[in-house]
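Taken in sequence, the protein lines are chains A and B.
Start counting at 1 in the first sequence, then tack on 3, and there's your number in the working numbering.
Start counting at 1 in the second sequence, then tack on 379, and there's your number in the working numbering.
These are computed hints drawn from the structure, not numbers from a lab.
Please note that the accuracy of each hint is not assured.
Pair ranges (Cβ atoms, derived) [unchecked claim]: (1) T404(B) / Y77(A): 17 to 27 angstroms; (2) A427(B) / S6(A): 22 to 32 angstroms; (3) L534(B) / G290(A): 47 to 57 angstroms; (4) L452(B) / R76(A): 34 to 44 angstroms; (5) V7(A) / I395(B): 27 to 37 angstroms; (6) E194(A) / L452(B): 47 to 57 angstroms; (7) F523(B) / K330(A): 24 to 34 angstroms.
Even for Gly, the Cβ is constructed at its ideal location relative to N, Cα and C.
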Amino acid sequence: MESVWVDLLVAVIKILVILGIALGLGAYLTWVERKVAAHIQRRPGPMVVGWHGLLQPIADGLKLITKEDLFPRYGNRFLYNLALVMALVPATLVFAVIPFGPEFEVFGYRVKPILTDVNVGILLVFGLGSLAVYAIALAGWASNSKYPLIGSMRKAGIIISYEVAITFAVMGPLILAGTLSTYQIVQNQIEQNLWYIWVQPVAFVVYMFSLLAETGRVPFDIQEAEAELVTGFTVEYGGMKFGLFPLVEWYIEVLTLSAIAVVLFLGGWSPLNIPFVGFVDPLFFLGPLSPYAWFLLKVTALFLFILWLHWTLPRYRIDQITEIAWKIMLPLALLNIVITSLIAPFIWD
Amino acid sequence: MVRFLIFLVFSAWAIISAIGVVTFTNPIYVILWLLSSLIAVAGIFFVAGAELVGALQLLIYAVAIAVFYVFVLTAVPWEKAVRKDPHYRTEGVLSLPLVLLLYLEMAVVFLLGVVASPEGKFREAIAKIGNAEVVGSVLFTKYFFAFEVVSLVLLIGMIGAVLIGRKESQTYEDDTG
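Same shape as in the complex, but just chain B (with noise of 0.2 angstroms):
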């Protein structure tokens, strides 16, 4: 009962915080909400028992990832910043459709995902072994290919950041000298 009522301070508050992201018209405010929310999905994940997601989201997504976005986003002028007119309405309108195409994929995803884990089929093992040690054995055993596959992605990612960064350093090299 205290664990429902529990999930349903941290659901409201990352419904809000969601709606303040996109409501929202100064950037700093907008990471603010995101920054929110994200905490509140953590919290999620700490009611529902999976405490290395919820500290990974914590990591992952509260630090790592929004630390860009503010790290960017203070670059941005005073007065940009709190401008008022709305940009980029025709590219919003142009992606609408494929924003329904993404909310459909997601629906997809979330029936089969319904479907597909039966609840508390890793209670047993998270009780005896303990959280981190069930995610790292289901990681490197059952999901082991998709895991490499997830990981050459990222790899590639990281080379083409990689790649993109040299070229502009060649371009300014001769500045120095």
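So here's chain A without its partners, still in its complex pose (with noise of 0.2 angstroms):
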């Protein structure tokens, strides 16, 4: 009976520090956007509000909670709060399958830093990653208005699209690891000596392709298109409820999702890695801390790289981003699929 109590403390501590960290830093991201953007363009971005800006979030934060809620005359009060709902509950739920480290022991209790290691966790990744598109569809449709109907029906064929793609392209990694657990996908990484991108690079590009997708980042950002739609679906929001939608859109789901390409490509937690040499790791010094180092760094890594692209790049055409996901990533996952199966076996060994 001890032992429930105990995994119950564990798992709530757990959720607090998740939660603490998944919406706190997703708030102080939108000023490491703005900063990184800024130096793109050579301007030196918010530095009035706080050293270098950095009080810049709160100060937004204040703005955008203190401002009127305004709400279309005609719309569906309940339908477009409920999209607040759908948009942000997925998205963080996400974050119960994501390791962050390798296991360790407190007071004589092993701990998985890991909230639920189910294992099927990376088709609950994807189940709750495109339960996103009801938000949005429901955004578009509760306005009545037809620039968010507009917006909404772009991404949620751009969703539809290229969660195909995204599905058939983590596969090549699952067939390696054998495993649809994330914990254990990081685990045999280790054993086998190799980070999957090595031998999974085509995958990888049709991974971040389709990230960019989901989460509307530059170029495929269609269904905001700021030139024609306004804003897309969010048009009608007001305060922080127009605030939520690009938090969850442009920093957790780009934070879970990019966590989850550091589990399935970058091998996680694991230093860093060069085929037929093995792991080196410099940051030794870290002693036990130094996993958590690594998975922060690449994190980091993959989020400033989106940015980069975000702040770089021109937007493509409707027309392009289904064609690009129907006709060339598909097909190139699906024969990665092909290719994998046949080199597995030498991988396994």
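If you follow the hints, you should be able to join the two separate chains into one complex; please do so.
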């Protein structure tokens, strides 16, 4: 009986830590994004509020919260608010299956830094990830306005197309790992002495394309398209309700999908991997904290890469986006599965 | 005991959602009730320890299939969606015998299924090699033929969809030139 309570306590602590990290970091990533964007465009970015604008997210948050809550007169208030819940909840739930580091012992209890190590973790990630499409469709429909509706239709089309590509892309690493549990996938990469990106470069490229498309980052931000659609499905939202959608899409979803990419392709918390040589750890001096540092480092690198793309590239047209999904990404992913099945026996040894 | 309570919660949730699906008139609410009931059924699978089936229920039904309803319905104009007049009344009455027949078939299949799968047959195997692996090994050995036939049916459906899609594109082809 005692162990049940300890398990429950551990679970609650994990939930609080994860939520704290996810939401706190999510808010502060707005500052990171503004700074990176500014420096890419050779301007200083936010400088006034705090040292180098460090308090800017708090000021933004206060401003958004104290704004008037506007609502379109002929809209559907229940669905309008439900869309917010359906955007935030599935996106944060994905953090439940992300492993942050290896197992450790506290007071004699073995703790895995992952909320639930279910053995279908990866399937849950994509199931929950694409529940976001309901939030967007509802937001567009409940606003009862043309721009949001068009924006949400575009977004739904993109998510449906790229959901197929991303699911087939992750099949490659899954075949090599032979398991659906996120924790076990990392463990297998460490045992096989190999980051899967070295044997799955095609899958990684398809995954990154789908990541950009699903999170609505440039070059796939056609549902926002400031020039034609104002801001797509968020037009009729105001104040913090408006702030929530980009927070979920651009930060929380990018973070979770980057973390999953790190788990699948970059060996999770394992140190630097060189093919045929094995693992090299330049951060060995951090001792037991080194795996967490590596995980954080890899996710940060992917996040900065996505920011770099976002503030550099122009936008695709909607027909180009769906064409890339169905005519290039899906066949590539299928071909990758065939080749992976052929080479898998060599890697399992 | 806890497991049974959670099962009761999920079943009640699923049944209430199913009632919601047939009683609400606004199609958007109907879709949401359907989604809610599909998620509740996934929850029942998780409680029963069928993690793979639960995750697939979420991924395929709650996301991939129900999303297409949303996709179509968001294109329904606002005035039509909130309209109250009952449509398809004659069709409803005409389809009643067929519905009864379907329910009868479901009951028969259910009874046969209860007899055919004694409880706990795969429990040891699941504990030994894991959930997804057991489903895979059963699917690709014992039920291999049925599995292939089902994929053939899906292939036919896909070809049909492609053909229907192509026909339309030929009709409008000259507009662009």
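Kindly indicate which numbered hints from before are broken by the structure, ordering the numbers from low to high.
-> Hint 4 is the one this structure does not satisfy, whereas the remaining hints hold.
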